[in-house]
Amino acid sequence: MPELRTEEFQINMGPHHPSTHGVCRLLLTMDGEKVVEAVPYVGYLHRAIEKICENRTYHMCIPILDRFEYVTSMSCNYVFSLAAEKLARIEVPERAEYLRVIMLELNRIASHLIFVGTTAMDLGALTPFLYGLRERELIMDLFEMTCGQRLTYNYIRIGGVSRDIPPQFVPKCREAVRIIGGKLADYEGILNENPIWLARMKGIGYADPQQAIAWGVSGPVLRASGVKYDLRRDDPYSIYDKFNFDVAVRWNGDNYDRFLVRIDEIRQSLKIISQALDGLPEGETRAKVKARFKPPAGEVYVRIENSRGEMGVYLVSDGSEKPVRVKTRGGSYNQLQFLPEIVRGRGYLIADLVAIFATFDVIMPEVDR
Amino acid sequence: MGLIKKVPVYTESIPGGALVATSLEAVLNFGRAKSLWYLLFGTACCAIELMCTGASRYDFDRLGMMFRASPRQADLIIAAGTITKKMGPRLRKLYDQMAEPRYVIAMGGCTIKGGPFYYDSYSVEKGIDHIVPVDIYVPGCPPRPESLLEGCLHLQEKVRRQKLSEWQEK
Amino acid sequence: MTQQELTAYIQSSFEGKLTLLDTGRAEPMFEVRPDDLLEVARRLRDDLQLKFDYLCNMGASDTRERLEVVYSIASTTRRLRMDFKLVLGYENPAVESVTPVWPAANWYEREMNELFGIEVKDHPDMRPLLLPEDWDQGYPMLKNWDAPDFVRMPEL
Chain Z
1 MPELRTEEFQ INMGPHHPST HGVCRLLLTM DGEKVVEAVP YVGYLHRAIE KICENRTYHM
61 CIPILDRFEY VTSMSCNYVF SLAAEKLARI EVPERAEYLR VIMLELNRIA SHLIFVGTTA
121 MDLGALTPFL YGLRERELIM DLFEMTCGQR LTYNYIRIGG VSRDIPPQFV PKCREAVRII
181 GGKLADYEGI LNENPIWLAR MKGIGYADPQ QAIAWGVSGP VLRASGVKYD LRRDDPYSIY
241 DKFNFDVAVR WNGDNYDRFL VRIDEIRQSL KIISQALDGL PEGETRAKVK ARFKPPAGEV
301 YVRIENSRGE MGVYLVSDGS EKPVRVKTRG GSYNQLQFLP EIVRGRGYLI ADLVAIFATF
361 DVIMPEVDR
Chain E
370 MGLIKKVPVY TESIPGGALV ATSLEAVLNF GRAKSLWYLL FGTACCAIEL MCTGASRYDF
430 DRLGMMFRAS PRQADLIIAA GTITKKMGPR LRKLYDQMAE PRYVIAMGGC TIKGGPFYYD
490 SYSVEKGIDH IVPVDIYVPG CPPRPESLLE GCLHLQEKVR RQKLSEWQEK
Chain R
540 MTQQELTAYI QSSFEGKLTL LDTGRAEPMF EVRPDDLLEV ARRLRDDLQL KFDYLCNMGA
600 SDTRERLEVV YSIASTTRRL RMDFKLVLGY ENPAVESVTP VWPAANWYER EMNELFGIEV
660 KDHPDMRPLL LPEDWDQGYP MLKNWDAPDF VRMPEL
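Quick mapping for you: the protein sequence lines, in order, are chains Z, E and R.
By the count of the working numbering, the first sequence reaches residue 369 at its end, each step adding exactly one.
By the count of the working numbering, the second sequence reaches residue 539 at its end, each step adding exactly one.
By the count of the working numbering, the third sequence reaches residue 695 at its end, each step adding exactly one.
The hints are simulated quantities; they were obtained by calculation from the structure and are not laboratory data.
Just to be clear, a hint being listed does not mean it is correct.
[Said to hold, decoys possible] Chain Z is nowhere near these chain R residues, computed Cβ spacing over 12 angstroms in every case: (1) Met540; (2) Gln543; (3) Lys556; (4) Leu559; (5) Met621; (6) Val634; (7) Pro667; (8) Asp675.
[Unchecked claim] A few chain Z positions that, by computed beta-carbon distances, are all more than 12 angstroms from chain E: (9) Ala48; (10) Val71; (11) Glu137; (12) Pro195; (13) Arg200; (14) Lys228; (15) Asp241; (16) Ile263; (17) Ala291; (18) Asp318.
[Unchecked claim] Covered stretches of chain R (in silico footprint by chain Z; criterion: 3 or more residues with CB under 8 angstroms from a CB of chain Z, positions within the stretch not fixed): (19) 570-582; (20) 600-613; (21) 635-645.
Even glycine gets a Cβ: it sits at the ideal position worked out from N, Cα and C.
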């Protein structure tokens, strides 16, 4: 009988593929049905945001950086404002800090709801997608009431926030918190005990914690592997040290735990928002900042805990009204670097690779900028 | 039957029923306009608004539009998001793979003329007109779901007015 | 060790290798010479009091007078963070790869190479990352770069 030829061949999982993670190309080396190696090729969304920011004043950079990570656009505004405030040593009023925390946590919940929806859709379940986006519409209503936009907000500015919340914000926000908290049981009921979900998620995509730290992975992916590292607790910024919340952590490091960590994080964010609404003080919403903002010469690197990991901005100023260098860092960059390490040689099928890629929750503009 | 009210017909009663005469163009255009299937092509921020338009509150399915994963099965590309120089040839390849008659909606400022990335960017295609022929432009950054729905309704009008001889592009 | 004691500790134990730049800045910034980079990086990662095992960010910047490469590192166990930088000139800038110490630097160095033209020695996988495959118009992030279809925003 003639020998079976077994050669490895390459498949292109091209820049356009039917999951909404953006445009990422994976070159898969296959041995039959098993994936031997997956190499990411990026750059299909490289819009030169850093070059653009070098020719804009500081206030004009904020709407451009909105598009750096559009799903959690408040965080992008916030991290740049934090860097500029650190350089110029600006004191932010307390009401502005509370409003910032409320907006950041609402944005984190919205991002995780999209994660639940798109992960389920990638694995074939279409109903959680509609559930997740239905709850997200409540949060979009709150944002639209405050700053007029549904997606790229330009709300958190240097020195505070751009405008105060309208009077109907607080009761509507409490209502939204109550509804979302109740619907989480729906998501868990439809997915957590589902045998197809468990077969595709449990035990697949193990990420070793020491390797993850060495590759710079942060956020829910790291916390699902047992490393209790959350910048809101370990390197606190804003007024997070005043709030009482737990750091969501799981110990198995597989797909299922990465999914459960984010559901836990939604619960903790709801807790933080309730506490912030209870303690919201009166006062101004923005410190006095000149329209032609010129911070003193210097450089600073600041980082915050975003829903995808650590988001940072390295800002260099030379005393003029335009920054010299704005280097942005997103959590998805390191996670996409780490993907070949956990796929190599484990014998996953392409369907497993899709599930791993979905639970990493990579957003391409963070990678390509 | 609803179809009779929506296309121009000439009816005549005969014993046991009716005789309905209409033009082939009207019926086929009606069928095509009310079930445009779009390709899931989302690059950047507008893709999130496209997803929201397809979800529960602003529903695309009531217009008969559903997403398809492969360009061979779609007749509409909603180009949502910035197209860079690296991605331009891939968009053209996807457009070439669609079967005629095919349509393109340019969603968002980036696909119209470069959007906020027109100035100072070295890698953004300033508009997709020179890559694929565009039928409808939907401005906004990102456009609200209501804007996108209005754009789709305009496209349906355009499809209803098309003649059979225009189906095949030269 | 707190963040304040960190500056004093680094100055005492890395005498001559890491020099503190002028004070009065928002956060302390150290400078290292290109030849000492790998040795300093290994000591920062392995020192029992510091344990800087996490590379937060690495990038180059063009300040119109010189090129700088900045490293930001953190410790996941000790609640510490610091930055240090290298200074290079515009003529044949080259730096050693820190991927043996922090594997996270892999893509950061590839990006730095193709956008600024800084050569990285001993990198495991130097290929272009972000720009199109047929890009032949130079190093775009340098301040004096220009191209025919590059439109600058007019002054307001």
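Verification of the supplied hints:
1. Met540: With a cut-off of 12 angstroms, Met540 (chain R) remains clear of chain Z, as the shortest Cβ separation is near 14 angstroms.
2. Gln543: 15 angstroms, holds
3. Lys556: 21 angstroms, holds
4. Leu559: 14 angstroms, holds
5. Met621: Nearest chain Z Cβ is 10 angstroms from Met621 (chain R), so the label is violated.
6. Val634: 16 angstroms, holds
7. Pro667: Given a closest Cβ separation of 8 angstroms, the condition is violated.
8. Asp675: 15 angstroms, holds
9. Ala48: Violated: least Cβ distance 4 angstroms, not greater than 12 angstroms.
10. Val71: The claim breaks: Val71 (chain Z) does not keep its Cβ more than 12 angstroms from every Cβ of chain E (closest is about 6 angstroms).
11. Glu137: Answer for Glu137 (chain Z): violated, closest chain E Cβ roughly 5 angstroms.
12. Pro195: 25 angstroms, holds
13. Arg200: Check passes; 19 angstroms lies beyond 12 angstroms.
14. Lys228: 31 angstroms, holds
15. Asp241: 32 angstroms, holds
16. Ile263: 20 angstroms, holds
17. Ala291: Per Cβ check, Ala291 (chain Z) is outside 12 angstroms of chain E; nearest 20 angstroms; holds.
18. Asp318: It holds; Asp318 (chain Z) is separated from chain E by about 18 angstroms at its closest Cβ, greater than 12 angstroms.
19. 570-582: It is violated, with 0 qualifying residues against the three required.
20. 600-613: holds (count 7)
21. 635-645: holds (count 4)
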